[in-house]
Amino acid sequence: MAVKYDWKETPKEYSPYTDFWLNVEGNEGRIKREFGQAQWTPDVEKHYLRNYADGAAYRATRRERSAGSVTAGISPVGKIPLPIGSPNPCPRPGELGRIPPELINAVCDDLPEDAVLIGVADTGIALGHRMFRRKDGKTRVISAWQQSAQWQGQDYLPFGQELNAADINTLLRYSSQNRDLLGKLDEEKFNRAARLVEANIRHGQRDLDHLAAHGTHVMSLAAGLDPEMADAALLKRCRMIVVNFPCQFSHGSAGNFLEAFAAHAMERMFRIAEALSERMLGSQGRFPLVLNFSYGKTAGPRDSSAPLEQLIEALINKYRHPGQADAQVAVGVHMPAGNNNLDRGIAQIWLARNTPGPERALNWRISPSDETANFLEIWTNGDVSGSQASQPELPTPEDFTFLITIPDGQQHLITGAEAGKNIDICAEGEGGAIQARLYCEKNINDRVYFVLAVLPTQNHYRPGMDLPGFIPAPAGLWSIQLSCTKSAVVDFSVQSDQSRSFASRTGLRSYLDDSAYRRHLENGRLRDSYDYPYKNDNDSWLEAGQGPVVRIGSQNALSTAQNCAVLGGYRRSDGQPALYSATAPVDLTKPRAAGGGSLATQIDAAYPTDDGAAHFGVLGAGSRDGSTVAFRGTSMAAALATREVAMAALDAGAAECGSAEPDYPGAAAAPAKVGKVRRRYPAGYRQDLPERMG
Amino acid sequence: MLTFGGTSGGTSGGTSGGTSGGTSGGTSGDVGTLGGEVFLTRHAGSPGSPLLSHALMVSQDATVSHWNGDADPLLNPVLPTDDTYLRSLRLPSQALLLDCRLRSRVSVTLAKHNSAVAKLRIDGKKWATVENPGDEYFRSQLYWMRAYADLRADRLAEIFLQTGDILSFFGAHAYLDNGRRRYTLMIMDAARSLAIHVETQMKYLLRQSRPIDYATEVQPVIQTPDHSSYPSGHAVEAFAIATVLCRLALRTDPVEAVHKRQQPMVLAHRIAANRTVAGVHFPVDSLAGAYLGCVVGEAIHRLAKGHKRPDSTPLAIPSMTQHAAGDATTATSEDFLLTCFERQIEFLSAESPHGKVKHDPVLAELWKDAVAEWPQKGGA
Chain A
1 MAVKYDWKET PKEYSPYTDF WLNVEGNEGR IKREFGQAQW TPDVEKHYLR
51 NYADGAAYRA TRRERSAGSV TAGISPVGKI PLPIGSPNPC PRPGELGRIP
101 PELINAVCDD LPEDAVLIGV ADTGIALGHR MFRRKDGKTR VISAWQQSAQ
151 WQGQDYLPFG QELNAADINT LLRYSSQNRD LLGKLDEEKF NRAARLVEAN
201 IRHGQRDLDH LAAHGTHVMS LAAGLDPEMA DAALLKRCRM IVVNFPCQFS
251 HGSAGNFLEA FAAHAMERMF RIAEALSERM LGSQGRFPLV LNFSYGKTAG
301 PRDSSAPLEQ LIEALINKYR HPGQADAQVA VGVHMPAGNN NLDRGIAQIW
351 LARNTPGPER ALNWRISPSD ETANFLEIWT NGDVSGSQAS QPELPTPEDF
401 TFLITIPDGQ QHLITGAEAG KNIDICAEGE GGAIQARLYC EKNINDRVYF
451 VLAVLPTQNH YRPGMDLPGF IPAPAGLWSI QLSCTKSAVV DFSVQSDQSR
501 SFASRTGLRS YLDDSAYRRH LENGRLRDSY DYPYKNDNDS WLEAGQGPVV
551 RIGSQNALST AQNCAVLGGY RRSDGQPALY SATAPVDLTK PRAAGGGSLA
601 TQIDAAYPTD DGAAHFGVLG AGSRDGSTVA FRGTSMAAAL ATREVAMAAL
651 DAGAAECGSA EPDYPGAAAA PAKVGKVRRR YPAGYRQDLP ERMG
Chain B
1 MLTFGGTSGG TSGGTSGGTS GGTSGGTSGD VGTLGGEVFL TRHAGSPGSP
51 LLSHALMVSQ DATVSHWNGD ADPLLNPVLP TDDTYLRSLR LPSQALLLDC
101 RLRSRVSVTL AKHNSAVAKL RIDGKKWATV ENPGDEYFRS QLYWMRAYAD
151 LRADRLAEIF LQTGDILSFF GAHAYLDNGR RRYTLMIMDA ARSLAIHVET
201 QMKYLLRQSR PIDYATEVQP VIQTPDHSSY PSGHAVEAFA IATVLCRLAL
251 RTDPVEAVHK RQQPMVLAHR IAANRTVAGV HFPVDSLAGA YLGCVVGEAI
301 HRLAKGHKRP DSTPLAIPSM TQHAAGDATT ATSEDFLLTC FERQIEFLSA
351 ESPHGKVKHD PVLAELWKDA VAEWPQKGGA
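In order, the protein sequence lines correspond to chains A and B. Each residue of the first sequence is one higher than the last, beginning at 1 in this note's numbering. Each residue of the second sequence is one higher than the last, beginning at 1 in this note's numbering.
Everything labelled a hint here was simulated from the structure, so no lab data went into it. Heads up, the beta-carbon is just placed ideally off N, CA and C, and yes, glycines get one too. Hints are not guaranteed to be accurate.
As the list claims (entries may be wrong) - In silico lysine-lysine, DSSO-like type, Cα no more than 30 Å apart, as pairs:
no., chain 1, residue 1, chain 2, residue 2
1, B, K260, A, K138
2, B, K260, B, K368
3, A, K184, B, K260
4, A, K236, A, K12
5, B, K368, B, K112
6, B, K377, A, K184
7, A, K135, B, K260
8, A, K676, A, K535
9, B, K260, A, K189
10, B, K358, B, K125
11, A, K486, A, K8
12, A, K8, A, K535
13, A, K12, A, K421
What the hints assert, rightly or not - From chain A, some residues computed to sit far from chain B (all C-beta separations above 12 Å):
no., residue
14, L211
15, S501
16, L508
Said to hold, decoys possible - A few chain B residues that face chain A, going by a derived Cβ cut-off under 7 Å, partial list only:
no., residue
17, A147
18, D154
19, H227
20, R343
Isolated chain B, as found in the complex (with noise of 0.2 Å):
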């Protein structure tokens, strides 16, 4: 999915180019979340153009008359040293910088000796371990391929514009813009951006066939994507956005928040079996990246405040059964559901007593100022 986009534009970007891309295009071009130009070309009244700096040219040239270089002794060119520089960013710049710094964090490694096993680690340290379950198991998983594609019909509108916006959906729970709530936004928007640095690294490593792949009979309703099946990139995002939205808005740890039902969690458990009902994903798929994404958001939440990182526990792939039918056995494998999946992320509710995490002052202001736009009741 798209994170920036610009001249320079997004995933497939530049002047034609992003899901809303274009010359000024991408999530953070005109149209997008924070509502501007990341790197900016308008000038104070009017935009950037030719003609423009033709203008600039010749008046300059009119009216500095001669200047041998020196400094301008009325000027003060010291920039502050302490967190107030960053509110002299713009936001999309502010938003720029945070992703930078949560990506430089974060990466993506194979286990030394299983290929099929992949590590999220932030400054080196393991956050949270996936491993593709095989071939046979994705097979078993064919049945609820056909089991959800009954659902088409009611589903179609929400699939198709999920392909490339699931915000507008959270922001059907609670206000969400680019004013009482723009560091809400970017910290969502951030959210977003390093669960596609996480899918994108772990789709890579894990790679793993489509269910079109499998059976002629799948034909999904929109254009299955050309990488890895495994994990489910609408999960992790989704869970990572609905994970930092459940600490901000509501003040509940995912693993709460996935008990309680909360509505940012329910939404991103639809939009993760949206895709199994489209026909691109089998519900694993969407287990792993619910797994990851809820890492993903609460490593952001942690990272803010300086808490500890937990005692990691890989996510535990359900046993496939098998039947008896006829003369015949199949595997059958279980279905994505939150029940199910509240166990998985226990260990989110809790801190390593050895996990200290180093924390990043830029993320942690952009996060104060989020939850200042959810103020509670009696304050806090």
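Isolated chain A (complex conformation) (with noise of 0.2 Å):
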């Protein structure tokens, strides 16, 4: 049944994911009982911009894009959820984003200046371990930024609490028996005097207090070095800047939150390194830069225009270029392909003009007992098929209809779509329920897009319950099937969906569920996207019966810039290709036949991340010092291309087993899957291994 929707205007300051979580899954109340606000106040914002302002531009404000101006800066999520206690309660625009001399004059004593500067961006990040620091046990790292510790008075912070190299010696030798660097270091102390694990706070992070922390591994990989069996004058060199996430709850399910705090922890990393690089080098000089960032979506334009992906292309160039044109220095940024190869959430579809899409609508299915809500983007581009010009009109939004059919069979028959605006999904009858909001937007590429967002399909809310009061969504299969105006082309990506806390199992990831994806081989095992050894490609698409839903296009929608090195992953032991490492985007507007498929190489390249079919992961640090666990997934991949960039740029090891590819002679694999190379484990990394396991 038809029904009219008014579209309402999505309030500027907010993304959708913002908006979803604060007015329809009822946050805004909790905002004020539980969690500080880091707000993004004008002048935040400016201060942020007025280094870029030559640089890139994010999404804009539609009152300054209608006049004619473009406002670059970080991305306008608006409220970012932080533990009560983390934000400045009163940040001042001249003292945000100053780098303290105190934090300089830590390090400019022993920084030589041929060193080489790794930044890692993670959650749980170990500063005690011995691998990060030096034969005298001082710490090689920089500066570590907590961003949601609890705020100690650092005006030039808008959250948490930052620690200087001074900072963290002071606590390793408190920590440390009989106060001496070398002594047994205490690291439940430690890790709590440091605020790298506040327990007593709600929502504190405490990623260290178990057994496995994923910043710890990667930067492990990225930059470990043994104080004992490495040279003194290589552990002087390489360097870390440091930045902590808060808790996987602060990240929101989607990630939302977690890119406002990526792209604080880029500008503050670039901020430092900058500083440094000046004061030791003189003002054109610039350290060596290799910024690690083992995170991703998988939901987003995939076409380099995410506000992140504009600061990281614009951080980059300021750095790289420091007012004279041909300088150049090493710097780059390495981000993981993404693991969600097989997690069905990708599909792309072709819509003829005024015809409806195929005849099977996509059907997304959406978990029972779900906590957490669910997410689809709904990319729009022209079609460039056939014999459309060059430059395909894009769709604009009142061009689409959406069908919606949701599990009870209710249908939303929804046009004259606004960017900016969005309108509500309710239960059947007049002032129903809300179950799902459909926004639409455009982003800074006039590409129109859209965020279906469901709600949760459990809540534990009861009378009395400081919980969000909303009614669940039903579960099931949300039938979404297209129309458009214009011959268009129509990417859709189930967004990252992950539990609040670390070790809860209640956020099930929903995917696109449809009768023509085939998910196995003949031979009964999982079947990738490409063949190993490679020939030809497995996926469904653009052919006969076969369903739009597919693993090609699945890279980690953070990725897609100029700038980033993408790195995927590939099994050891005989070089396949991870099944779960995402792939790149390929042309799937024309049949094979007709040259589709055409292979990309958005993907740079990929490293190990797996030893073998029964050797899980790649090893690398626990959270206890001296522990060792198995990770796996391209974090390590981006992690592992991060050491290997830094030796080189060292200087360490270039000429060592990382630079050369393994032999895996007859076995070639698809580079929309490894890029142009695998590439072996990087200098200094595991070297007592063979080469070849078995």
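Combine the two chains into a complex, taking the hints into account.
The following block contains the structure:
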């Protein structure tokens, strides 16, 4: 039944995700009760914009866009949740972002001019590990910003607490046996004193209380060096700038707030590197800087226009060219390709002019007992296939008609979309409870996109409880059928979904459930996007009888910026690309016979992410110093790439085992999975291993 | 926790009972730490049985012939009057004797004018004082129950195994068996038994509800025991064992051992914390248990050596802190960490000038044997 929908304004300062979290899931009240708000005041935004006004444009406010000006700045996510006591209560624009002199002074005496800086932004980075320290026990970390730590009066931070090298050394000494930096470290004491763990704060960071922490493992791969075995000079030259993200709750279940934290982290790390460079090398000098950001999102524009991608581009360009046109310095950001290749989260359909989409609608399966919201991003493009002009006419919001059928059978025929507005999908009947909200937006490239946000399917709310009181949405198949008055290509992506807390299993990932999607090969093994050894692609697309859900194009939606290196994973024993390692986008708009599926090279390289079929993951540091855990995923590939680039910049092993491609005779791998080359473990990592397993 | 097995079984023992119980069961049973029954039923060549008893009866009838009840002049029935008699007992019997002698000297009483305070006494003298901090305090600890629950997935195996066995975890630090470390094991077992003797009475007197009694959300991953939450029995036992092990193997007193974070103490803390992770204890239960355990372990050392008792200091429960959270005010209290625990047992590093203690000769002998199992470099 067609129902008239009133499109209403989405608040300008909020992304669809933030609006949904605050106003539909009902967390506005909780913000006041449980969280401090790190709000993006106009002054804060302007401050961060100051250095980048000439740089990339982000999502501008609609008012500014219509006036013809574009405002550069960090993602206007609006309110981001942090524990009470974490946000700076009275940020002053003149102060925010400043690099305090004591941070520089703490290292300038022993930071060599040929140092290389490795930036790691992650959750749960242990600062006390021996492998992050020097022979004398002092830290190699230049600064560490714990973003959700209780604010300690540092005016230059919008939230959290930052420790410089001297602070870290003082805390190490305080927590070590006999106050000796080489003595046994009481890690429990150190972690709490450094506010790496704030177990007494609700939603405080606690990853290091677990046996394995993602950030510690990543940093051990990217920058870990054994102080007993490594050269003293190398230990001095290889230094880190660290940002510890808040705990998983503050990321948002769709990673929506994480982007804001990441933006702050990137900006801070670059600023610190710049300040150090200018102090040590002069105003034109720059230390080589390699940043590792082992995170991603599964839905996004994938055209380099995401705000974080734009920020990274601007930061890299500014760092690389400090006032001199020909100034070049090694600088890069490494990101994982993503682990969602098999998650059935990607689809692409082609809409002919005025013709509805494929006969069968796209089915989105949302699980019962899911305590997190689910989001589906729908990105539109002009159709470049066939005889269309090379610059396609971009569709506009009003060109689209949605027919959404929810699991209980109720249908919603939605037209008249407007960018910057949203409509509610409600239960049957007047005044029915909201079940979902459909947002319409445009990005900086004028691409129209929609976000279909569905409430969790389980809510433990009871009267008297301090929880949002929304009525859960129905679980099951949500069916979406789309038509357009122009020819268009539409990309569907299910957004990342994680539980509210680290150890919880209550956030269930939704997926696109299509009858033509084939999960397995004929021999029973899981199907990847391409054969291995590489000959053909295995994915379902554009052939008769095959559906729109694919693996191709599942690449991390935050990793498509030009200056980001994207790393995939492979299995070291036989070179097979990791099945979970995401696939780069390729041209799916033409049939294979007409050259469709031509290979892209958005993925730069691949590193081992599993040692063998029976050897899960790659080994790295656990939360406690001296412990070892195996982690699997392209996060590890990104960290290994960071290490290799840093070591090459340090001239510490470029000629050693890390540079050449391992030998897998007769077993080529698809470039859309592994990029140009599969690389070995870099120098200093597991040099005891033989070349091949078995 | 179970101490003795056999046909008269352990704490829930008998023919099917005890944590490792049954007809031969318990920690002193056939599979116990000291390898052998306490109450011997096995004969020289085979286990006891009605058949063997009948055969012996018939054999005696056939081979003895007439006997008017006179003693055999060739036999000397005199037992040694010195400590060599102890050596003639089997290990389980020595352990039983040690246990009885220690328990007989230790008592737990309520304070005269305060039924929330209990004292540990040895030979009537006060060695430790513990107070139940009250209902509001335990409510303020619920926050930690929530925080520690996140660690359950990591620690499930430890939690489950440690419901019945903590000694194996200490056995990972240094070689422990009933061969070359038999007396060390005996002392550790005695420490655990004495800890149980103390904790059982403390729990009865200080009686405190469990976390599950305060919130349905706790949902422990193991069965909540029926006895009082405060103090934690696991903490008393773990720290008592750690204290004697540090004395024997590392030659350190408990204060130094905690200060230096020596492995037995770190392990004892983890065993205690695992009970909070499991959802059956508050952190303050472990604080009180750790305090008592160190006193128990140290008492065994001083009774063995004849050293003076310490000037006892009562356990100081850290204060609650009130926080404003929106319109409400909530109270929180501290976690149990070794960092904060050091100062609670500082009194154990000194002796009271008037604190003469009568040493136990049996314990002294066995302690000496245990020390000898850990030869130090350069002797001593």
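Against the structure, the hints come out as follows:
For the hint linking K260 of chain B to K138 of chain A, the alpha-carbon distance of about 21 Å falls within 30 Å, and the restraint holds. About 25 Å separates the Cα atoms of K260 of chain B and K368 of chain B, which keeps this hinted pair within 30 Å; it holds. Taking the CA atoms of K184 of chain A and K260 of chain B, the gap is about 8 Å. The hint holds against a cut of 30 Å. This hinted pair does not check out: K236 of chain A and K12 of chain A have alpha carbons roughly 47 Å apart, beyond 30 Å.
For the proposed pair K368 of chain B and K112 of chain B, the alpha carbon gap of about 38 Å is over 30 Å, so the pair is violated. Of the pairs offered as hints, the one joining K377 of chain B and K184 of chain A holds, with about 22 Å between alpha carbons and a cut-off of 30 Å not exceeded. A C-alpha spacing of about 22 Å is found between K135 of chain A and K260 of chain B, which places the hinted pair at or below 30 Å, so the restraint holds. Restraint check for K676 of chain A and K535 of chain A: satisfied, since their Cα atoms lie roughly 16 Å apart, inside the 30 Å limit.
About 13 Å separates the Cα atoms of K260 of chain B and K189 of chain A, which keeps this hinted pair within 30 Å; it holds. Pair hint K358 of chain B plus K125 of chain B holds up; C-alpha atoms about 12 Å apart against a cutoff of 30 Å. A hinted pair counts as satisfied when its Cα atoms are at most 30 Å apart, and K486 of chain A with K8 of chain A qualifies at roughly 25 Å. For the given pair, K8 of chain A sits about 50 Å from K535 of chain A by alpha-carbon distance, which is inconsistent with the 30 Å threshold.
Proximity of K12 of chain A to K421 of chain A is assessed by CA-CA distance (about 10 Å); at most 30 Å being required, the pair is judged to hold. With a least beta-carbon separation of about 5 Å from chain B, L211 of chain A fails to lie farther than 12 Å from that chain, contradicting its non-interface assignment. Against chain B, the non-interface label of S501 of chain A is violated: not every CB pair exceeds 12 Å, the least being about 6 Å. Against chain B, the non-interface label of L508 of chain A holds: every CB pair exceeds 12 Å, the least being about 17 Å.
At about 5 Å, the closest approach between the beta carbon of A147 of chain B and any beta carbon in chain A falls short of 7 Å, and the interface hint on this residue holds. For the restraint placing D154 of chain B at the interface with chain A, the shortest Cβ-Cβ distance is roughly 5 Å, inside the 7 Å limit, so the hint holds. Because the closest C-beta pair between H227 of chain B and chain A is about 28 Å apart, greater than 7 Å, the hint is violated. Taking 7 Å as the C-beta contact cut-off toward chain A, the hint placing R343 of chain B at the interface is violated, the least distance being around 14 Å.
Going through the hint list in order, the structure does not satisfy hints 4, 5, 12, 14, 15, 19 and 20.
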